[in-house]
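Work the whole structure out from these sequences, hints included.
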Amino acid sequence: MTILIDHHPDQNDAGDETVEKNQRNVKEEETELMLDGGFVAPNTNSFGHTFRDYDAASERRRSVEEFYRTNHIGQTVDFVRRMREEYGKLNRTEMSIWECCELLNEFIDESDPDLDEPQIEHLLQTAEAIRKDYPDEDWLHLTGLIHDLGKVLLHSSFGELPQWAVVGDTYPVGCAFDKSIVHHKYFKENPDYDNPSYNTKYGIYTEGCGLNNVFMSWGHDDYMYMVAKENQTTLPSAGLFIIRYHSFYAVHKSEAYKHLMNNEDRENIKWLKVFNKYDLYSKSKVRINVEQVKPYYLSLINKYFPAKLKW
62 MTILIDHHPD QNDAGDETVE KNQRNVKEEE TELMLDGGFV APNTNSFGHT FRDYDAASER
122 RRSVEEFYRT NHIGQTVDFV RRMREEYGKL NRTEMSIWEC CELLNEFIDE SDPDLDEPQI
182 EHLLQTAEAI RKDYPDEDWL HLTGLIHDLG KVLLHSSFGE LPQWAVVGDT YPVGCAFDKS
242 IVHHKYFKEN PDYDNPSYNT KYGIYTEGCG LNNVFMSWGH DDYMYMVAKE NQTTLPSAGL
302 FIIRYHSFYA VHKSEAYKHL MNNEDRENIK WLKVFNKYDL YSKSKVRINV EQVKPYYLSL
362 INKYFPAKLK W
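Yeah, the sequence shown ends on 372 if you go by our numbering, and it's all consecutive.
Honestly, I wouldn't trust all of these hints.
Said to hold, decoys possible - Label-pair distances were calculated between CB atoms; the ranges are: (1) 363 / 252: 41 to 51 angstroms; (2) 367 / 127: 34 to 44 angstroms; (3) 324 / 371: 25 to 35 angstroms.
To be verified - Computed cross-link-like contacts, DSS-like style, restricted to lysine-lysine with a CA-CA straight-line distance of at most 27 angstroms: (4) 355 / 319; (5) 249 / 319; (6) 314 / 150; (7) 338 / 290; (8) 314 / 338; (9) 193 / 262; (10) 249 / 262; (11) 338 / 355; (12) 150 / 338; (13) 369 / 338; (14) 193 / 364; (15) 334 / 364; (16) 246 / 319; (17) 290 / 314; (18) 338 / 319; (19) 290 / 334; (20) 240 / 314; (21) 193 / 319; (22) 249 / 331; (23) 290 / 240; (24) 355 / 262; (25) 249 / 290.
In short, the hints are calculated from the structure, not lab data.
Beta carbons: idealized from backbone N, C-alpha and C, even for Gly.
Below, the structure is given as structure tokens:
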């Protein structure tokens, strides 16, 4: 999409310079919103605000901020270790990928300032937007569909974890909390904040150790990654990387924590940045005909996953 600014020949030189500068600024802004394919990001989310605007005055904003206050206080190294040990057993139930998609219809993500639709709507909006622009990357279509399935942790059969332990932006624990993380101020109440073992740049990690060796705040991202990996999915490593780090905005939007990344991370994050645009900007009121697209996604599930998965 290109916006043209009319140029009138009777304008003086200063006016010409101002118009040209404004035109460059508009084009630069539009370029940032233009995705790698034909999908064009809307300027506003479902609520009429700009995307990921955590300061927009609304009741939604207040609930989102309270969510992050609780999240930032509770996500400690000890908590993450306990959750990974407990849920890594994958002994809750067995079900198919599509059954899990339908299960998510019961929930709305309290951390998201852009979306108040049932989760399956967002999953299909993301997947279909990717499918249109990357028709030959079927693994990426499926990744779009399943990337949020870990939110089943909210369900009673999975322990009904509170939302602060399931959704929201993710970030490393065990090292200093980067200031780019949304509502950073609330980390001051986190028990790890003043712990000298955890509050330095590297903390318990080393330079270039690789994100796979970093404890991320616990939530649906890490859980779905474990589910996919342990059930021996044949998705490429970039697909697993997207699932695990799609909420890690501090690294793929602000480029924080790059000192912990290794070469494989740097390669995979290229695909994550492609994916993230669709994950974020596809959140709209455009509805997807579920029954119409379901056969296609069932075929992809059968290609990359077993019929039943351990969760």
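Each hint, compared with the structure:
no.	hint	in the structure
1	363 / 252: 41 to 51 angstroms	holds (45 angstroms)
2	367 / 127: 34 to 44 angstroms	holds (40 angstroms)
3	324 / 371: 25 to 35 angstroms	holds (32 angstroms)
4	355 / 319	violated (38 angstroms)
5	249 / 319	holds (23 angstroms)
6	314 / 150	violated (32 angstroms)
7	338 / 290	holds (24 angstroms)
8	314 / 338	holds (10 angstroms)
9	193 / 262	violated (41 angstroms)
10	249 / 262	holds (16 angstroms)
11	338 / 355	holds (23 angstroms)
12	150 / 338	violated (33 angstroms)
13	369 / 338	violated (30 angstroms)
14	193 / 364	holds (20 angstroms)
15	334 / 364	holds (25 angstroms)
16	246 / 319	holds (22 angstroms)
17	290 / 314	holds (26 angstroms)
18	338 / 319	holds (20 angstroms)
19	290 / 334	holds (21 angstroms)
20	240 / 314	holds (13 angstroms)
21	193 / 319	violated (31 angstroms)
22	249 / 331	violated (32 angstroms)
23	290 / 240	violated (31 angstroms)
24	355 / 262	violated (45 angstroms)
25	249 / 290	violated (34 angstroms)
In this structure, the earlier hints numbered 4, 6, 9, 12, 13, 21, 22, 23, 24, 25 are contradicted, and the remaining ones agree with it.
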